[in-house]
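Chains as they are written, first to last, in numbering that gives the first Met the number 0: chain X, 0 to 310; chain B, 0 to 168.
Each hint should be verified, as a subset may be incorrect.
To be clear about the criterion: a stretch of chain X counts as covered by chain B if any three or more of its residues have a C-beta under 8 Å from a C-beta of chain B, and this derived list gives those stretches [as the list claims (entries may be wrong)]:
#, stretch
1, 31–41
2, 52–64
3, 294–303
In silico BS3-like pairs for lysine-lysine, Cα to Cα no more than 27 Å straight-line [as the list claims (entries may be wrong)]:
#, chain 1, residue 1, chain 2, residue 2
4, B, LYS162, B, LYS75
5, X, LYS157, X, LYS100
6, B, LYS52, X, LYS119
7, X, LYS157, X, LYS178
8, X, LYS38, B, LYS157
9, X, LYS149, X, LYS100
10, X, LYS29, X, LYS85
11, X, LYS100, X, LYS152
12, X, LYS29, B, LYS155
13, B, LYS1, X, LYS37
14, X, LYS29, X, LYS147
15, B, LYS155, B, LYS51
16, X, LYS157, X, LYS11
17, B, LYS162, X, LYS38
18, X, LYS67, B, LYS157
19, X, LYS210, X, LYS195
20, X, LYS149, X, LYS119
21, X, LYS210, X, LYS11
22, X, LYS195, X, LYS149
23, B, LYS51, B, LYS1
24, B, LYS162, X, LYS100
25, X, LYS38, X, LYS198
26, X, LYS249, X, LYS210
27, B, LYS122, X, LYS37
Bear in mind the hints are in silico, worked out from the structure with no lab data behind them. No residue lacks a Cβ here, since even glycine has one placed at the ideal position from N, Cα and C.
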Amino acid sequence: MQLSTRNLLGIKDLSSSDISLILQTAEQFKEVLQRPVKKVPSLRDVTIVNLFYENSTRTRFSFELAEKRLSADVINFSASASSVSKGETLLDTVNNILSMKVDMVVMRHSASGAPHFLAKHIPAAIVNAGDGINEHPTQALLDAFSIKEKIGKLEGTKVAIIGDIMHSRVAQSNIYLLKKMGADVTVCGPPTLIPKYIKEALDVKVNYNLKETLQWCDVANVLRIQLERQNQVLFSSLREYSLAYGINKKLLDSLQKNIVIMHPGPMNRGVEIDSDVADSNQSIILQQVENGVAVRMAVLYLLAGRSSESN
Amino acid sequence: MKSILSPDQLAITIKRLAHQVLENHINLENTVVIGIQPRGVFLSDKIVEEIKKELPGTTIGYGKLDITFYRDDIRKELHIANRTDIPFSIEGKNVVLIDDVLYTGRTTRAALDALLDFGRPEKVELCVLIDRRFSRQLPIQPDYVGKSIDSIISQKVKVEWDKKEVVLY
Numbered sequence: 000m001q002l003s004t005r006n007l008l009g010i011k012d013l014s015s016s017d018i019s020l021i022l023q024t025a026e027q028f029k030e031v032l033q034r035p036v037k038k039v040p041s042l043r044d045v046t047i048v049n050l051f052y053e054n055s056t057r058t059r060f061s062f063e064l065a066e067k068r069l070s071a072d073v074i075n076f077s078a079s080a081s082s083v084s085k086g087e088t089l090l091d092t093v094n095n096i097l098s099m100k101v102d103m104v105v106m107r108h109s110a111s112g113a114p115h116f117l118a119k120h121i122p123a124a125i126v127n128a129g130d131g132i133n134e135h136p137t138q139a140l141l142d143a144f145s146i147k148e149k150i151g152k153l154e155g156t157k158v159a160i161i162g163d164i165m166h167s168r169v170a171q172s173n174i175y176l177l178k179k180m181g182a183d184v185t186v187c188g189p190p191t192l193i194p195k196y197i198k199e200a201l202d203v204k205v206n207y208n209l210k211e212t213l214q215w216c217d218v219a220n221v222l223r224i225q226l227e228r229q230n231q232v233l234f235s236s237l238r239e240y241s242l243a244y245g246i247n248k249k250l251l252d253s254l255q256k257n258i259v260i261m262h263p264g265p266m267n268r269g270v271e272i273d274s275d276v277a278d279s280n281q282s283i284i285l286q287q288v289e290n291g292v293a294v295r296m297a298v299l300y301l302l303a304g305r306s307s308e309s310n
Numbered sequence: 000m001k002s003i004l005s006p007d008q009l010a011i012t013i014k015r016l017a018h019q020v021l022e023n024h025i026n027l028e029n030t031v032v033i034g035i036q037p038r039g040v041f042l043s044d045k046i047v048e049e050i051k052k053e054l055p056g057t058t059i060g061y062g063k064l065d066i067t068f069y070r071d072d073i074r075k076e077l078h079i080a081n082r083t084d085i086p087f088s089i090e091g092k093n094v095v096l097i098d099d100v101l102y103t104g105r106t107t108r109a110a111l112d113a114l115l116d117f118g119r120p121e122k123v124e125l126c127v128l129i130d131r132r133f134s135r136q137l138p139i140q141p142d143y144v145g146k147s148i149d150s151i152i153s154q155k156v157k158v159e160w161d162k163k164e165v166v167l168y
């Protein structure tokens, strides 16, 4: 048994058995992370470069930790401290790095499709760590892992994705994954932040009313308002957004059930989520971060096993 | 296909292995049993069951160890990981490592590496149901053997736990 793909570019390319295999392997890595020695020698002979053309804390640390816990050799690259500022192209940068014998590339880029472009041109296995507004597959996998851990299953689970759906690669990857695994998905947010034909294109429900959505769901995945990706006014003010779509304790207490709250981070406290929700026992935000390392270990491990056979 | 152990013989052999372990570990005070996932666990389940029958009321530390992430052949073949569950410290303990078939010794090597990441045991012993002798690729020998057999590389030895039989084919 192995993955059907040699790169992880997006959830769109994965089959449901690929997703199950990753989640199942991640469970075993989560156990490894509880051991006295939280490290296994699986990728001892593998070199991985982390190419980050866009800022990140959680994802970069999480990948780096995952790589080190697998005993891989790691090189970190951030665009601001490199020859990119001298005008080197993406392909040149990567080819230069590859000529130093690198086996895998973990890449984040602000341009959608950048990792797909690389995958066509270089032999190393590529893991997409977020490309523009397209996909963020490892985030969707760790979200699914966290839901499965908390609720017990994905199939039939009702998941609401709330906030800026339009600019969110997390939302897109989550929707692909949840639909493939048989979950029920509703997106919720201001009409200006929800793509017009999303219902037809991705087969999800759309609801513009937050309270109704929360009442319906088992899990609410609250997205960050991405101030850096908005160059037009899509809602009048953060305060207004918070009043209509912010999640607070009072709202959760008014529901007839206990729902699970998730957030991919970084949080804008007081905008899309209030502190009394983020820090409550309904929130699994920190478990998501913890699970991120195990899920990324699973992805790297399975891809390393895959990429070897072509050599 | 050739039968190596019939159901009756298999039951007697497992009983003997359990008694041999008991003989060397009086009262099991400082002893723990660890089965290697996935197939060694069928045997370790049975041996622990026999030990409990022999010494009712004793508690015995029993864990399961998966060695997938310690294999040296991930570049050749990807294996699916199983659950590791060692709910105690192995520091200073006498560990009886259990697997069904000992062949090249590579699984045992990986198991020793994995085990040592959980602590520093006083002593580690190896108990196997079938020893395919003369086919070792590493210097590893078992302490308790159900049955030694001679076989060639193209042959396969399989413990059919559902049919309670060991076959060579």
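Structure-based check of each hint:
no. : hint                 : in the structure
1   : 31–41                : holds (count 8)
2   : 52–64                : violated (count 0)
3   : 294–303              : holds (count 3)
4   : B:LYS162 to B:LYS75  : violated, 31 Å
5   : X:LYS157 to X:LYS100 : violated, 45 Å
6   : B:LYS52 to X:LYS119  : violated, 62 Å
7   : X:LYS157 to X:LYS178 : holds, 11 Å
8   : X:LYS38 to B:LYS157  : violated, 32 Å
9   : X:LYS149 to X:LYS100 : violated, 41 Å
10  : X:LYS29 to X:LYS85   : violated, 41 Å
11  : X:LYS100 to X:LYS152 : violated, 41 Å
12  : X:LYS29 to B:LYS155  : violated, 34 Å
13  : B:LYS1 to X:LYS37    : violated, 44 Å
14  : X:LYS29 to X:LYS147  : holds, 13 Å
15  : B:LYS155 to B:LYS51  : violated, 32 Å
16  : X:LYS157 to X:LYS11  : holds, 20 Å
17  : B:LYS162 to X:LYS38  : violated, 38 Å
18  : X:LYS67 to B:LYS157  : violated, 37 Å
19  : X:LYS210 to X:LYS195 : holds, 21 Å
20  : X:LYS149 to X:LYS119 : violated, 38 Å
21  : X:LYS210 to X:LYS11  : violated, 30 Å
22  : X:LYS195 to X:LYS149 : violated, 32 Å
23  : B:LYS51 to B:LYS1    : violated, 33 Å
24  : B:LYS162 to X:LYS100 : violated, 50 Å
25  : X:LYS38 to X:LYS198  : violated, 43 Å
26  : X:LYS249 to X:LYS210 : holds, 11 Å
27  : B:LYS122 to X:LYS37  : holds, 23 Å
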